[in-house]
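Number of protein chains: 2
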Amino acid sequence: MSERAVFFLSDQTGVTAETLGHSLLTQFDGQKFRQVTLPFIDTLDKAREAVRKINLAAKDSALRPIIFSTMVQDDFRAVIREAEGLHLDIFDVFLEPLEKELQQKSTHMAGRAHGMSDIEGYMRRIEATNFALANDDGGISRNYDKADVILVGVSRSGKTPTCLYLALQYGVYAANFPLTDEEFDRGELPDILLKMKQKLFGLTIAPTRLRQIRKERRPLGRYSSTQQVGYEVREAEKIFKRHNIPYVDTTEFSIEEISSRILDGTGVERRVRP
Amino acid sequence: MSERAVFFLSDQTGVTAETLGHSLLTQFDGQKFRQVTLPFIDTLDKAREAVRKINLAAKDSALRPIIFSTMVQDDFRAVIREAEGLHLDIFDVFLEPLEKELQQKSTHMAGRAHGMSDIEGYMRRIEATNFALANDDGGISRNYDKADVILVGVSRSGKTPTCLYLALQYGVYAANFPLTDEEFDRGELPDILLKMKQKLFGLTIAPTRLRQIRKERRPLGRYSSTQQVGYEVREAEKIFKRHNIPYVDTTEFSIEEISSRILDGTGVERRVRP
Numbered sequence: 001m002s003e004r005a006v007f008f009l010s011d012q013t014g015v016t017a018e019t020l021g022h023s024l025l026t027q028f029d030g031q032k033f034r035q036v037t038l039p040f041i042d043t044l045d046k047a048r049e050a051v052r053k054i055n056l057a058a059k060d061s062a063l064r065p066i067i068f069s070t071m072v073q074d075d076f077r078a079v080i081r082e083a084e085g086l087h088l089d090i091f092d093v094f095l096e097p098l099e100k101e102l103q104q105k106s107t108h109m110a111g112r113a114h115g116m117s118d119i120e121g122y123m124r125r126i127e128a129t130n131f132a133l134a135n136d137d138g139g140i141s142r143n144y145d146k147a148d149v150i151l152v153g154v155s156r157s158g159k160t161p162t163c164l165y166l167a168l169q170y171g172v173y174a175a176n177f178p179l180t181d182e183e184f185d186r187g188e189l190p191d192i193l194l195k196m197k198q199k200l201f202g203l204t205i206a207p208t209r210l211r212q213i214r215k216e217r218r219p220l221g222r223y224s225s226t227q228q229v230g231y232e233v234r235e236a237e238k239i240f241k242r243h244n245i246p247y248v249d250t251t252e253f254s255i256e257e258i259s260s261r262i263l264d265g266t267g268v269e270r271r272v273r274p
Numbered sequence: 001m002s003e004r005a006v007f008f009l010s011d012q013t014g015v016t017a018e019t020l021g022h023s024l025l026t027q028f029d030g031q032k033f034r035q036v037t038l039p040f041i042d043t044l045d046k047a048r049e050a051v052r053k054i055n056l057a058a059k060d061s062a063l064r065p066i067i068f069s070t071m072v073q074d075d076f077r078a079v080i081r082e083a084e085g086l087h088l089d090i091f092d093v094f095l096e097p098l099e100k101e102l103q104q105k106s107t108h109m110a111g112r113a114h115g116m117s118d119i120e121g122y123m124r125r126i127e128a129t130n131f132a133l134a135n136d137d138g139g140i141s142r143n144y145d146k147a148d149v150i151l152v153g154v155s156r157s158g159k160t161p162t163c164l165y166l167a168l169q170y171g172v173y174a175a176n177f178p179l180t181d182e183e184f185d186r187g188e189l190p191d192i193l194l195k196m197k198q199k200l201f202g203l204t205i206a207p208t209r210l211r212q213i214r215k216e217r218r219p220l221g222r223y224s225s226t227q228q229v230g231y232e233v234r235e236a237e238k239i240f241k242r243h244n245i246p247y248v249d250t251t252e253f254s255i256e257e258i259s260s261r262i263l264d265g266t267g268v269e270r271r272v273r274p
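First to last, the protein sequences are chains A and B.
If you're matching positions, the first sequence starts at 1 in the numbering used here and goes up one per residue.
If you're matching positions, the second sequence starts at 1 in the numbering used here and goes up one per residue.
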């Protein structure tokens, strides 16, 4: 089956067009897509250049390109519309009903989303990221008073990427603490965590999956042995249950899903919105 | 002015609805929105509960709620549609033209985007994140052979969050190296970077803005002095120019924008798509 070209066009980063397009395309199994992002189309020349690229792809294949776009300015949209393909323009479709509902004309200005319209939001995300890094893996600062949530779980259960995602995407202050033999031997969490019990959220994972992940890091030895992995997961879950710590099984979840479930489960407010 | 409630509804994480909704709402200045995400609506009961919440918000305010949704299953969508408000459903609008174009019915299955349909993609993002952490701030591994891109710039120019964003969002291997007095005294990059010149990408920033950021970290001393900050930025840009290193001014840019400009400027391929 030949590939179909998919273009994500934007006068800005293209993140919205990519997210929307990806979400829709995953609904079609078995299709092959060649995805191209063309961001920062903020001059008529760049718009024409994008049209040229799309038309070239159209010529190269029997399959019409699909074009997801988030172009705000009418004159650029008019140029883009000349490209050969199926046009799905987010602003085309949704801006009018919103204008009607809000009884206000949209600004039709590029670069509002994902942009620096909001310096404060930018600083929050940076600060939250620094917080996640400083409080990673039970690390340096242990500044748990400031944390919105503290993730606990065994090594490689997904704590670090989840904390970073929560910080970058939502400005949420997420710390994490690894459960290791030290905790399991004592059968208890350290005092510093027990004092913050209401902030704890557990991550668990299927032992077979965890073993697979750990083996990529360290193929040999106790760390990735069936026995050790099974033991750690069992003990971690025991601790979660004993303390009524809410937890999520990350085995089948993406980073976005784990993050959403944590926010949903804890009620922690997003400080920034993507 | 009173607040208008905005709901992001999804049978999955809600990331697509949030991204799209945010992108559209930023086009309307001066409006106040109270934003609520209701993810994982995967039973009829949860759909009814969402309707209850929306109707409550509608009753509380003279302003109709706005509902952005990405519900795939028809029966859930039918329930949601009963809620009081302006409905903007992404699948409603775009799925039909896509089905026609692709000559295929969509799977109408929830949880395809941002989900674990793609374990390989998940692993790539995790590995890229680990790479960014190990190669942060000229750190531990300096495994630059494996890097897709190496960001260089002065302290607090935005290197770390950008590398993490590139990793989490796109699975791109991004290392970063801080330019400090050591480089400026010598007026040259270290050999390890010169050998990788084609992978380098510079970040610069307006001295006044940099000073403001640094002062939040360390209010006193040379690190955030006008003189030092100006000197570092000037010297860094000199190095970029001398070696023809492409660079971007991050002063007015969000993390998404910096990242998109790097990918656009280097031609580095996204290994994963959001």
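Among the hints, a few may not be true.
Since the list can't tell identical chains apart, any single copy or any two copies may satisfy a pair.
[To be verified] No more than 20 Å apart at the CA atoms, straight line, and that leaves these computed lysine-lysine pairs for PhoX-like:
hint	residue 1	residue 2
1	Lys238	Lys197
2	Lys32	Lys238
3	Lys32	Lys105
4	Lys100	Lys197
5	Lys197	Lys59
6	Lys195	Lys241
Keep in mind the hints are simulated off the structure, nothing from the lab.
Small disclaimer: the values here were computed from a predicted structure and weren't measured.
So, going through the hints one by one against the coordinates:
Taking CA atoms no more than 20 Å apart as the test, Lys238 paired with Lys197 passes inside one copy only; the shortest distance there is 15 Å, against 51 Å between copies. For the homomeric pair Lys32 and Lys238, neither the shortest alpha-carbon distance inside one copy (44 Å) nor that between copies (45 Å) is at most 20 Å. In this assembly of identical chains, the alpha carbons of Lys32 and Lys105 lie at most 20 Å apart only when taken from different copies (15 Å versus 39 Å within one copy). Taking the shortest alpha-carbon separations for Lys100 and Lys197, neither the intra-copy value of 47 Å nor the inter-copy value of 52 Å comes in at or below 20 Å.
In the homo-oligomer, the alpha carbons of Lys197 and Lys59 never lie at most 20 Å apart, since the shortest distance is 61 Å inside one protomer and 36 Å across protomers. In this assembly of identical chains, Lys195 and Lys241 lie within 20 Å of each other by CA distance solely inside one copy; the values are 17 Å within and 53 Å between copies.
When the structure is compared with the earlier hints, violations turn up for hints 2, 4, 5 and for no others.
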